[in-house]
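Novice: Residue numbers (numbering that gives the first Met the number 0), protein chains in the order written: chain A, 0 to 219; chain B, 0 to 219; chain C, 0 to 219; chain D, 0 to 219; chain E, 0 to 219; chain F, 0 to 219.
If you're looking for bench data, these hints aren't it; they were derived computationally from the structure.
Some clues are possibly wrong.
Dumping the calculated DSSO-like pairs for lysine-lysine here, alpha-carbon to alpha-carbon at most 27 Å [claimed, not checked]:
#1 124(F) - 124(D)
#2 124(C) - 124(B)
#3 124(E) - 124(A)
This structure is a prediction, so every number in the text was calculated from the model and none was measured.
Protein chains: 6
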Amino acid sequence: MGVSGRILVVNPNSSEPVTAAIEAAVAPLRIAGGPEIAVDRLRSGPPGIATQRDADSVVLPLCDLVARDPSDAFVLACFSDPGLHAVREAAGGRPVMGIAEWGLLRALTLGESFGIVALSPASVKRQARYVRQMGLGARYSGSWPVDASAEDTAGDAVRGRLVEAGRRLAAERGADVIVLGCAGMAGHRRAVEDAVGRPVVEPTQWAVAAALGALRLAAC
Amino acid sequence: MGVSGRILVVNPNSSEPVTAAIEAAVAPLRIAGGPEIAVDRLRSGPPGIATQRDADSVVLPLCDLVARDPSDAFVLACFSDPGLHAVREAAGGRPVMGIAEWGLLRALTLGESFGIVALSPASVKRQARYVRQMGLGARYSGSWPVDASAEDTAGDAVRGRLVEAGRRLAAERGADVIVLGCAGMAGHRRAVEDAVGRPVVEPTQWAVAAALGALRLAAC
Amino acid sequence: MGVSGRILVVNPNSSEPVTAAIEAAVAPLRIAGGPEIAVDRLRSGPPGIATQRDADSVVLPLCDLVARDPSDAFVLACFSDPGLHAVREAAGGRPVMGIAEWGLLRALTLGESFGIVALSPASVKRQARYVRQMGLGARYSGSWPVDASAEDTAGDAVRGRLVEAGRRLAAERGADVIVLGCAGMAGHRRAVEDAVGRPVVEPTQWAVAAALGALRLAAC
Amino acid sequence: MGVSGRILVVNPNSSEPVTAAIEAAVAPLRIAGGPEIAVDRLRSGPPGIATQRDADSVVLPLCDLVARDPSDAFVLACFSDPGLHAVREAAGGRPVMGIAEWGLLRALTLGESFGIVALSPASVKRQARYVRQMGLGARYSGSWPVDASAEDTAGDAVRGRLVEAGRRLAAERGADVIVLGCAGMAGHRRAVEDAVGRPVVEPTQWAVAAALGALRLAAC
Amino acid sequence: MGVSGRILVVNPNSSEPVTAAIEAAVAPLRIAGGPEIAVDRLRSGPPGIATQRDADSVVLPLCDLVARDPSDAFVLACFSDPGLHAVREAAGGRPVMGIAEWGLLRALTLGESFGIVALSPASVKRQARYVRQMGLGARYSGSWPVDASAEDTAGDAVRGRLVEAGRRLAAERGADVIVLGCAGMAGHRRAVEDAVGRPVVEPTQWAVAAALGALRLAAC
Amino acid sequence: MGVSGRILVVNPNSSEPVTAAIEAAVAPLRIAGGPEIAVDRLRSGPPGIATQRDADSVVLPLCDLVARDPSDAFVLACFSDPGLHAVREAAGGRPVMGIAEWGLLRALTLGESFGIVALSPASVKRQARYVRQMGLGARYSGSWPVDASAEDTAGDAVRGRLVEAGRRLAAERGADVIVLGCAGMAGHRRAVEDAVGRPVVEPTQWAVAAALGALRLAAC
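The following block holds chain A by itself, in its conformation from the complex (with noise of 0.2 Å):
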C-alpha cells in the first residue's frame, strides 16, 4: 500500500561490519503492513567516519543519492548526522531523521542527564559541538571516548570498552541515560545496558523509529 512506503537507511561509509550491525538493529521496526526498510552503506564513503574531513566528504554523496533515490524517507546513519541539512534540502520534503539527533532526543525521555560513548577524542569535540547546536547542552553530562574505529565497533572485542566508558560516564559524570555514539555499536546496546544499569540507546533504532511515524503521518 502507498502509505506504507519505504525507507532507506544509509550508512554513511562503506563498512559492511557496522552495515550489518544497522541491519540487525533495525529489524525488528519491520511490521507487516508496515514500511519497507531497507539499508544500504555509501559504497564512495570512507570505512569509517574518524575525522572531520571523513564527515564532510560523504554531504555530497549523500545528497546525490537522497536526490535520486525514489524511497520515502531517510536515515542518516552516522553519529555525526553528516549532512543533514544539506540532504533535507535534496529531499525535497521526504522525511530525513539523523541518528544522532534522534538518538539524543530519545535519551531525554529516560533520564534527566544523558552521556554518550565515543569513538575518539576527536568525536567527542563533535558531539561537544552537536550538542549544544541542538540547544541541549543543559541535559548533557558528557562523552567518553572508546578509542576505536567505527569498524571496530562492530566487533566483539570493544565491548569492555564500551561498558568501561558507560560505567564512567554514569559514575564519575552523572549520566543516568547512555547513548551509543557510533552506528556500529549497536550490537552491543542490552550488553551495556546490563553491565551498567542504566538505560542505553542505540540511535538508528529511533531514528528508524520516527521515519516510520513521519511516514504513516504524512498524509494526514
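Position chains B, C, D, E and F relative to chain A; hints supplied.
Specialist: Chains B, C, D, E and F in isolation, oriented as in the chain A frame:
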C-alpha cells in the same frame, strides 16, 4: 504476536469530543501486524485541563489506571504531561510517553525555534515552566493563547484563532515550527500548517509513534 | 494587629519528628510584634515524600487545606515544593512559599554554585528537573544522595552522611554553598556548615522569612 | 535584645528625595521586637548612579562605611548593586544584601519571566550584564528605559512613564512580573501594579526583608 | 622576515565583486613590517553560498586548497564558516580563522546583544544553529534577512535594505551591535553604522586581525 | 603615520615583575609601521589584585589615567578586567580591551571547552561570575587555583603549579584549552602548553592583538 502489543492512549480529561479528535489523529499509526492502539478518556477527569489543579488532580487516577491496565505502553494525551514521572513509576518499566514531551522533541527536528499554540494565559505559564524543565529554552520562541477550553478546540469555530496564533508566533516571535498545545486541536493540524506556511506538529501522533517504536524495540 | 497576621507552615508529610525539626528551625523567626508562625503536618500525608507519587499525592490535600485555612500566608515545607502552583491558585492571592524555591534563591546570594544534599537517587532526579524548571542550572553543581528517609534525617544517626555529602559536593562538584534538601535535616545545619566549611542553607527558614516579608509588605 | 540587631540601609547616592522614598518603602518592615532599620545616604555619593563610573565610584566609600559601622546587617539600596562583593569582604561576615539581587529573586517567585523598569539605555546594558552574571537569563524578558534620573523617579511626574514601561514589558516582551529598577521608584509600586495588572516588585523592600531574616537566623 | 609570513583570505564563492569587497575591507590591515595579506576566491565555488549544499560543497575544495597552499595562516571569508573544523585538520597546525566566528566574538566586546544582517531566511536558520553551536545564544538578538544574494550585497542597490535590517534588529530585537552576515556586505559597514547608530562589525576584518595576531604570536 | 597610533597596556597593579612579564609577552606584536605598544603599571595600584576590593580600587585611577592619556587604544592587563565598562566611558570612543575578555574569546577558537588557571579560590569565584556575565558558561570547564600572588606567578617557582593546574583542568574537568588567569603568568605559556598538551592562551597578547586590529580598522 506478543511483540506487537497494545498501546493505551489516555485522554486525562473526560471530554468526548477531545477523545474523538485524538482517536482520529492516531488512526494512521495502526499498522497490520503492529501494536493495537486503544484510545480512552479518564472518566473521572475534569472536562478539560485548565488550571494547575486540574492537571494535578488527574495524576493519582492516571497512576491507578496504568497500574491495573494490562497494556504494554501508555500515552498521556494532555499537553500538560500531567503526572508523567509518577505514572512512569506506576508502569513498572512499561513505556509511558507524554504528548508535550514528544511534540516538542519532534518540533526540534523540523526547524530552529518552535512556538506553541496555547489554550490560555495560564497554559502559557505552564508551558514556559515545562520547556525550561525539559532544558529546551534555547529553541523556544514562546506560546500564544487562543482563550479556549480543550473541548472548544475540538470544534470548528476555533480554527481561525489557531491560525492567527500560529501566524503571530511565526511573524512576531520568529517560530519556524508550530506545536499544537492541546490534544483537542488535532483535527486542525493540516489547516493551520497550510495557512501559516510552517510545519505544524500534532503532539499525540508523535507520542504514539514513539510508543510504537518503544514496543517494537523492547525485546532487543 | 492585623498587619502581623499568621503564617502556616505545612509539613506535607505526616512525620512527627520531621515536624518537630521544622518547628525548631523556624522558632527564631517569631518576633514579638510580627506574624504568628504555626507549624503543622498534613495528617493524611505519607510518612515521607520518597517517590514522585508521594509528592503528587499531597497536592490536592494541600490545596484543600489552604483553601479552608484562614492563615494569611503559607509555607510548603517539603523540598519537592509539591503542588506549589496549584496551591497558589487555591490561596486566592495569599502568599504561598516553597522551601526548595527559597532555599535555592537564598543559596544564590551566598556563593557562585550550590549543591543539594538529597535523600535518594530519585530525589536527585527531581531536583535536577526542578533546578532546570526554575532556570537556575547555571548555578547548580549537583545533588548528592544520602540514602535516607525524611524521618531518618530528623535523627542523629544521619549526621555523618550529611556531612559527607556536603564535603563531596564541595570537593568533587565545586559547590561553594550547600542546601539541605529535606525539611527534616534542619537540625543539622550548623554542624554540617562547621564540618564542611561552606555556608549551609536550611530552606524552611528562608521560606518563612520570605512569607514574613510578604505579609508585612502586602498592604503597601 | 542582641538578636534583634540593626540593619543599615545605605542609599549609595546622596539624593534626599531618593532616600526619603527608601525610608517610606522599608517602614512596614519595622516590627516590635525586631531589628532596628536605619536608612542613610552616602553623603559623598553622586546625586544618582547614572554611569558605570558613578556605580564604581561608590564602592570604596561603601566598603569603608561598612567596615567602620557597627550595624549587624547592610542593604545596598542602588539597583546596580555597586560593590556588592567588595562590601561583603569588608563586612567581616555580617550580611550584605543587594537590592537588584533580591528584587530579581523575589520576582522569580511571582511569575515566569520578569522585566525591569530602567532609568536609561545605559542602565539597560548594566542590567543585561547583571542578569547574566546572576545566571537568570532564562527568566528575563528585558528592561525598558524611562529616561529619568534616580531623583526624577522619586517625584510624581515620572509615574506615567513607569506605567508605560511596565505595560510595554508586559505586552511586547511577555513579562509577567515587573521589577522597579531604581530605589527611587519605590513610591510608585502600587500604582504601577494597579495600572499594569502584573505583580510589581519594589526591590529595597525585599533586600531588607532578607536582611531581617538573616539577622534572626544568624544564631542558629 | 619569516615571522611576518603570509595570510591567505579565501572567498569560498567565486564571485569577483564579493572578492573585491573583501580585498578593500582587509587593506587597512596591511602593515609595512607585518604579514602579507593575499585575497583569493575559490574558483570552483558557487557564485554565492545560498543553500546548505552550497556551504557544504566548498568544504573539500577548501581543505585541498589549504593543504597545498604554503601560506602561514588562512581566513575563510564566508559567513557560514564552511568547513572550519575540517580545514583546521588540513592546515596542519597553521591558524585557520572563520569570519562568522570572529565577527561574533568582536561583537561581544561592543555591546550586550548582537544582531546579524542575513542574506535570506535560509541564512537566518544557519546562523541560529551556528550561534548555538558556539554557545553564544545568551548574547544573540536574532538575524534579519535582506533577501539578497552574496553578489547583490557587494553592490550599491542593497544598502537601503541593510540599513533597514540593522534598524529592525536594534528597534524590535534590542540588538546594540550589528554584525554584517556576508563578506560581500563589507563596503557598507560605515554607512550602516552611521544610519543605525549602533556599532557595526565587518567580520572579515576581524578574522584577518586575528590571523595577524596568531602569526605574530606563533613563535612565543 | 597617524593610522598606526599608540596602544597603552596598563598593568593595574604596581608590580614590576608582572609588568616585565607583560612587556615580554607583547613584544612580538610590535611591527614596523604598526602601532607603538607601550606598557606601564598603575603606580598607585596594589601589588596584586587579590581581593574584590583590590579589583574595585583601581577603577577610578584607571579611568583618570585613560581620560588624560593621549594614547589611541588601551589594554587593561589584569584578568579581573577591572573597570572595563567605566574605562570605556572615560576613553571617549577609543578602544579599550580587557585581557580576560579577549583571552576567553581567543580560547573559544581553539577548542570546545576552556579552563582557567586562577591565582586563588577568590579568583575562581570572580571568574565564575565573569564567565556568566559574558554569557560563555556553555564553554567553561572551570578554574583551578594555584594559591599564588600575581607577583609570584612572574617567577619561576610557580611553574610546576601552573602545569599541575592545567593538567587537572584537562583531566578532571575536560578542558581542551587552558587560559592563563593572570597577566603575570605570561612567561610560562609555552612551558605549560608543552607539558599539558593542550593549547594555552596568554590573554594580554590577544587583547593587544585586538587593540592593534581596532586601531587599523578605526578609519574605515
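Novice: A separate judgement is required for each hint: does it hold in the structure or not?
Specialist: The hints, checked one at a time:
| no. | hint | in the structure |
| --- | --- | --- |
| 1 | 124(F) - 124(D) | holds, 23 Å |
| 2 | 124(C) - 124(B) | holds, 23 Å |
| 3 | 124(E) - 124(A) | holds, 23 Å |
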